[in-house]
Structure formats: structure tokens, C-alpha cells
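J.: Take a look at the letters that make up each chain.
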Amino acid sequence: MQQIPVSLLTLVAGVIITLFSLWVGQHHSLLPIQASEQAPLVDGFFNIMVTIATALFVVVEGTILIFLVKFRHRKGDDTDGSPIEGNLPLEVFWTAIPTIIVLGLGIYSVDVFGRMGGLEVGGNSHTPVHVAQMPGSAIAATLSDPSGMESEMAVPANDPDIGIGAGANEKGQRADLVVDVTGMQFAWIFNYPDSGVTAGELHVPVGTDVQLNLSATDVIHSFWVPQFRLKQDAIPGIPTKLRFVATKVGTYPVVCTELCGGYHGSMRSQVVVHTPEEYESWLAENRIAQQPEGLKQAVAVNPAELSKSEFLAPYAQKIGVVNSH
Amino acid sequence: MTLEIPQNQPPGSESTSVVVTESTHHHQAWKWYHYFTFNVDHKVIGIQYLVTAFVFYLIGGLMAIAMRAELATPDADLLDPNLYNAFMTNHGTIMIFLWIVPSAIGGFGNFLVPLMVGARDMAFPKLNAIAFWLNPPAGLLVLASFFFGGSQSGWTAYPPLSLVTAPIAQSMWILAIVLVGTSSILGSLNFVITILFMKVPSMKWDQIPLFCWAILATSVLALLSTPVLAAGLVLLLFDLNFGTSFFKPDAGGNVVIYQHLFWFYSHPAVYLMILPIFGIMSEVIPVHARKPIFGYKAIAYSSLAICLVGLFVWVHHMFTSGTPGWMRMFFTISTLIVAVPTGVKIFGWVATLWGGKIRFTSAMLFAVGLLSMFVMGGLSGVTMGTAPFDVHVHDTYYVVAHFHYVLFGGSVFGIYAGIYHWFPKMTGRMMNETLGRIHFILTFIGTNLTFLPMHELGLQGMPRRVAMYDAQFTHLNEICTIGAYILGLSVIPFTINVLWSWVAGKKAGDNPWNALTLEWTTSSPPLVENWEVLPVVTHGPYDYGVNDRGSKIQSIAANS
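Just so you know, the sequences run in chain order L and R. Counting from 1, one number per residue, gives the positions in the first sequence under our numbering. Counting from 1, one number per residue, gives the positions in the second sequence under our numbering.
The set of hints was computed from the structure by calculation and includes no laboratory data. Here a beta-carbon is modelled for each residue, glycine too, at the ideal position from N, C-alpha and C. Treat the hints with care, as some may be off.
[Stated by the list, open to error] For lysine-lysine, the following DSS-like pairs were computed, each having C-alpha atoms within a straight-line distance of at most 27 Å: (1) R:Lys31 <-> R:Lys506; (2) R:Lys204 <-> R:Lys297; (3) R:Lys126 <-> R:Lys31; (4) R:Lys507 <-> L:Lys75; (5) R:Lys31 <-> R:Lys507; (6) L:Lys75 <-> R:Lys506.
[Said to hold, decoys possible] To list a few chain L residues with every Cβ distance to chain R over 10 Å, as calculated: (7) Leu19; (8) Asp218; (9) Phe311.
Next up, chain L with everything else stripped away, as it sits in the complex (with noise of 0.2 Å):
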């Protein structure tokens, strides 16, 4: 049987490794699921890198596992191996397809980046917003007191300089929908500055162009929805901003990634995307129980102003005691 040459063997690999690091790359269901614009920008660049790593990892791996039962020492043999001390068109290969490798990665990382709006925000990121901070009362007054927040948080002026998410045709524009994000020891609160409503989650509506303005009350958090593939870290003194659409209908976790404790492992809340009428309705029900007349009616209601019927109607009605008049 004639001899099947190395290099028609190192083909055949080569083409077996090439497909199977292609079908990898497809089908390695590694990531969450996508709800943003940016999410499939960023599962397209990590798939390819994992086909390129697969490849890699079994084209060395492999080698290693060859040589090492190929050329392993064998009893009685207490000869060297072969002197071979170099061989410099091999070395330009493995060191040129690497640089290639990673340049071209690099390049489609940029490209990528910019799609996804990570490099349109710029400008000078040091320089610091000088925050009103009242330490120890950051929460009470947030809680209480929406309308004195935005002049005592790390509320930004302007729109922030640094971020993700305002791709080019963004860059400019205003988002349809502004949600003043503050991050704090352990928890993150949500205000929306058009319609004044406060929550501890963060509700949006599918399909509309969101900005988050995040700021810190105290540490450094980070605001990361894994379903978004987005994050960024919302700094004391340093306004940020994080923009994106929302493209699936459902509640993803928010998770804080930036150390900020103790109990930073239970610093969680969710994103809620709701469909446009469903988002309508909830801002309708959050604009309504907020509201300081709304709050007054509801629960505030002073006995002295209420007439001797009125006073006493629901008890009337708790005994069964009906009013024929």
C-alpha cells in the first residue's frame, strides 16, 4: 500500500478543524438571550472569535497531545533528540498569522464598537462634576423628596460625555425616552425626568431609543443587563450615560458588576420591557400613586374636613347599617 503523504493528512485535518471550529462558533449557546439593538453586534464578533479560538486551541492542544506520545522517551534510548535550534520561515509564519489574526480582530472590535456606539461619546472624561453629595442623607432625600433630587444628586446637566450607546446617528439627538439612573449602596433607583416618576425597577418600553444618565450617590457601581450585553459603570463625580433599544418584550435582571460592599452580591433589580401600551399604562399607574395630590387623597385624609356621614360611612357599612336617605 503506497504511503499517504503528511502534507494530504495535515489537509484533511486542516479542513475537519476549519468546520468544526465554523459549527462551534454557531452553536456554542454560551450566551443569554438577546434583548438590545447591541446584542446581536456583540454575539456576531464573539462568535467568530470563538471559531477562531476553537481552532486555535485544538490545533496546538492537538500538537502538544501528538508530540507528547510521538516523541515520548523510551526505555534504553539515552540519546538527545534531534539539535534543532531554529528555522526562521516557520518562526515569520507563526509569529506574521497571529499578528494578522489579532490586527484583523482588532480592526472588526472598532468597527464593531462604533456600531454599537462606544466610540461617538467622547471628550475629556476627567473632568469631574462637582456633586452635591449630603453623606448619610443621600437616600432619605431621594426617597422623599423628588423634586429637591435633582438639585442635591449627581443629576447631570448636560448630556455626559462618556458611555456607550450613542452610535452616530443617535450622536446629538435626543433619546424618546430619559431615565436618570442612581446607583447606590445597594440598590438602584430609577427617575423619569419628563414624567417625574420614581421606581426601584426600570421600566421601558420595546423598540424606543433609551438613555440611562447614570451617576453614584457614594461608590462605584456598575449597571449591567446581561440580555443587553451592555454595561457601564455609574461613578461618583463623573456623569455616564448608557443608551440602547430594547428589542424583546420581557424582565431581565439588572445587575450591579462594580464591588460596592458588603451586600453587593444583593444589589439586583430587573428591567422591565413592556410593549408600548403596557409601558403607557404603567407610567399612567406610577404618575398617578406619586403624585403629592394623588398621595393626599389617598392616604392623607384629615377626619376634621369630612362631614359626620361621610366620617362614618365605612363603619356604617362594615355593622350593615344601609342609609335609606
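Chain R: place on chain L using the hints.
T.: Just chain R, lined up with the frame of chain L:
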């Protein structure tokens, strides 16, 4: 016990052997109690570094086991979350600053560099001893900080968190890091001078062992980057204790500047931890594969390239922080470029295996284990260097997985390989190969079981540095915890092996591996001033198979 000043010839002088002394006490080996003194011999200091670092490795490892036990369930039911954070911070601190760096650079560097270049000692022996003796107080400061709550802000110590949690413990932590940083600077100066000016004149530049090239690159990197960390930490100390506001945002400070100062050192610190290990790999693989290292110059220059490019990659830790767009772009490209010289080294080692006569000694097993695991760590590192993907996985368990593949699968495996390889030279006795193999198998399985699932955890949404997590991640965390227990067990056969072999192991002889670098030309353990007569270099350090140089390795099978 006094030592004479090393009597090396200046560079360029005649290559002649020099008889240094005829005094008999130089022929004696050190006694055990010398290792507890302010000894200025580089070999004693090297072993002091190694043993001290290993003790801290055990302490840091116990902290890791406690953390993994906590993470076996989603709730914080074993450790108080603040205590968890203190464990997490000090685990990282101890493993980086008191285990890997001191053992790889201080331990192996001190023991081997003068021996490998044919010097009688380091250039500044007393400075060398001072550098070592800064480490134990630093370690004690870190451990004592637990009595004050323990620093809880992670090894990164980002303000404002580091300014508001356990201020006394945080100050002790800063002082400890400044001490080890000072030690690192003093040690690096010593290495640079020793390698550049004290090599034996008969040794040509392309005959310097690759470990020394790696230590040279490491030292230059440490000299350039460590002062920046020290500056950042001193400013933090001032903010903590003296009312300044460099990093206090409510008083006009900027928290992002700290991150720049910190990462300007701390990313190169990764190379400080891995470059000496690359050096160890380049020594261990040729000896046990019985082959010249493939691409000597490429491996030497790639160390210098990593040293240079490594200074310009730090912002990839801040892609989600306060960095403008152009910075993300520049640092994406520069970070990716570091993969090239690293790849050159890996390919060089793989090619060294080709056509060899590979002995599966414990040292070689760990070296090959490193090779296979570092590929994984390197590939995940490339993915994280790219800004768009880094945004998703930054500060998640994917990062934890990546750096443990690099630092455990890389550095720790390398340190083990180095210990198995040079133990005969250090102690004059062989280690037990059977225990070594058990150690390797447990370590290899434990490492992969612990850290492989973490990639998936991070990608799916588990942040790092948490004592409690979402219940959906329970199963993968259980696997990680079992892996960590196996890693904990793996240390037992190693510790028994070292202690037993040191006392009663088989006598090693001068050169049990039949290696060709200079340290094997002296007795085991080496004489007080290394050689009675300085060696003359007549061949390259890796000339295996050249003119029948190098041959039979002393049979290690007899031991196993």
C-alpha cells in the same frame, strides 16, 4: 557568617578562571538555622523567599477554600458578607503580592540568576537581604488587618469604597503593598545590575539562559511600573488618614485617576507574574525533552517585547469606566498585540517538543500542563482585550476564569515545575516522582474543574466578588467548589514530598538531569560562593544533542 564581596571580572576582561578563596568554610553548606537569619547569600535568600511565599500560598489557599465553601450555595450562609469581602481581598493580595511575585522573581530569581550567569552572588547582597526582609512584615500587616475588619475593597482598592470600609485595615493593607513594592524595586535593581554586569566574561549575550532574559525583562517592567502604584497608594493613604481629597468625589477628587494609576502597575503585574514563569518553562522543557530550545532569540526578544507593549495595555481594565472612545480603541489594539510575543513563546516550546526524547518527570508534567492551560487563558484573554466583548464580561466570573487560567494554570504550575526541576540543586536531594505525579493529576483536574465552569457563569450573568448569587447559577458553582476542594487536597502530597525529600530524599548528585546551564556545574546544594573556580562557558545553555553534549538523565524511575 561573613561573605566576601563577589569578585567578578568587569565585562570585556579576559576569560580566565579565578580562584576566589582557599578558606574551608566556603565549602560548607548552610545549616537550617541560617535560613532564619539576615543572611546575605543569594541562595539562602532565594529559599527564604520560596518557603515564606509557600506559607502565604497555604494561607491564601485556605481563604479561597472558605470562599468556595460559601459559594456552594446561593445565599451568604457560611460567611458574613463583609468577612467574605475581606477574604476575597486578602486572598487576591496574598496570592499576587506574597506568593506568585515573591516566589517566581524573588525565589527562583535570587537562587538561579547568579548561578546561571556565573556570578558569586547578586550585585548588592545586603540590599538583596533587605528586599526579602520587607516581605514578612508586609504579610503580617495583611494578616493583622483582619483584627480591624480586614480590607474589604478588593485587591484593586478602588476609592471611594476603599475610603469608607474598615479604614485602619485599609491603611495596613496599603502599607503592606508599599512594603512589597519597595522590595520589588530593590530586587529588580539588583537583578538588572547582576545580569548586565556580573555574568562570567566567557558567556556571550546569546548564551545567557532564557530565564535570565525573562528576569531582566521582568525587572525593567517592575522598575517602570511599581513606583506608579506606590504613588497611587500613598495618595489613597493620605485621603484615608490626613484629610486630603485626591480621590474623594464630593470634595473635587477624581476616582478614575486612581484606576489609571492602579492599572498602570497592576496590568504589568500580570507580566511580572508570568514572565519569570516563561523563563522557567524555557529551562525545564529543553532539559526534559532533551532538545535545544526552539528559537532562542525569538523567545528572548519576545520577553522584552512583552515588557514594552505590556506598559501600554492598562486601560482595557477600564472600558466600562470613565474612558473616552479613542482610548478604548487604542488600548483594544495594544492589548491584542501582546498576544503575538506570547504566542511566539508558546509555539517555540511546542516546537521544542518536536523530535525530542520527552521524559514525563514531575517538572515536565507541570510544564506541559502549563502549556496546555495557558493556551486557554491566552485565548480568553484575547476575547477580553476587545472593547465590545469586554463590555459584556467585564467584572464577571468570565474574568475570574480567565485570570485563574493564566495565574493558576500558568504561574502556579510554573512554580511547581520549577520546584520539581531545581529541588535537587537547592537541597541536594531528589523529590519523590510518584507523589509528584499524584500532585500533578490532582492539581490538573482541580484547576480545570474549578475554573472552566466560571467562563459560562460569567457569560450567563454572574458578577464577580459576590457572596450571594442568583439561584440559576447553583449547579455550576457546586462544580467549582468541588474543584476547589480537590485543589486544596492537591497541596498535601506536594507538602509531604518537599518535607520528606528535603530530609530523607535520594541523594541527587551535582547534575541529575544532565542539564547544560551553569547552575548544574556546581555541587548540590551549591557552595557558599557557588564555585571554587568560576566556570568557563564553552557551549550554549541548550546544546542538547550537539556534539553528543548532554546525555543520560540520572534514572528517576528508581525513585518511583
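J.: All hints, please: hold or fail.
T.: These are the hints, each one checked on the structure:
1. R:Lys31 <-> R:Lys506: holds (19 Å)
2. R:Lys204 <-> R:Lys297: holds (13 Å)
3. R:Lys126 <-> R:Lys31: Roughly 20 Å between the alpha carbons, so the hint for R:Lys126 and R:Lys31 holds.
4. R:Lys507 <-> L:Lys75: Within the cut-off at roughly 23 Å; holds.
5. R:Lys31 <-> R:Lys507: This hinted pair holds, its Cα atoms lying about 17 Å apart.
6. L:Lys75 <-> R:Lys506: Given that 27 Å is the threshold and the Cα spacing comes to 22 Å, the pair holds.
7. Leu19: holds (19 Å)
8. Asp218: violated (7 Å)
9. Phe311: The assertion about L:Phe311 holds, with a minimum of 49 Å to chain R.
The earlier numbered hint that this structure contradicts is number 8, and it is the only one.
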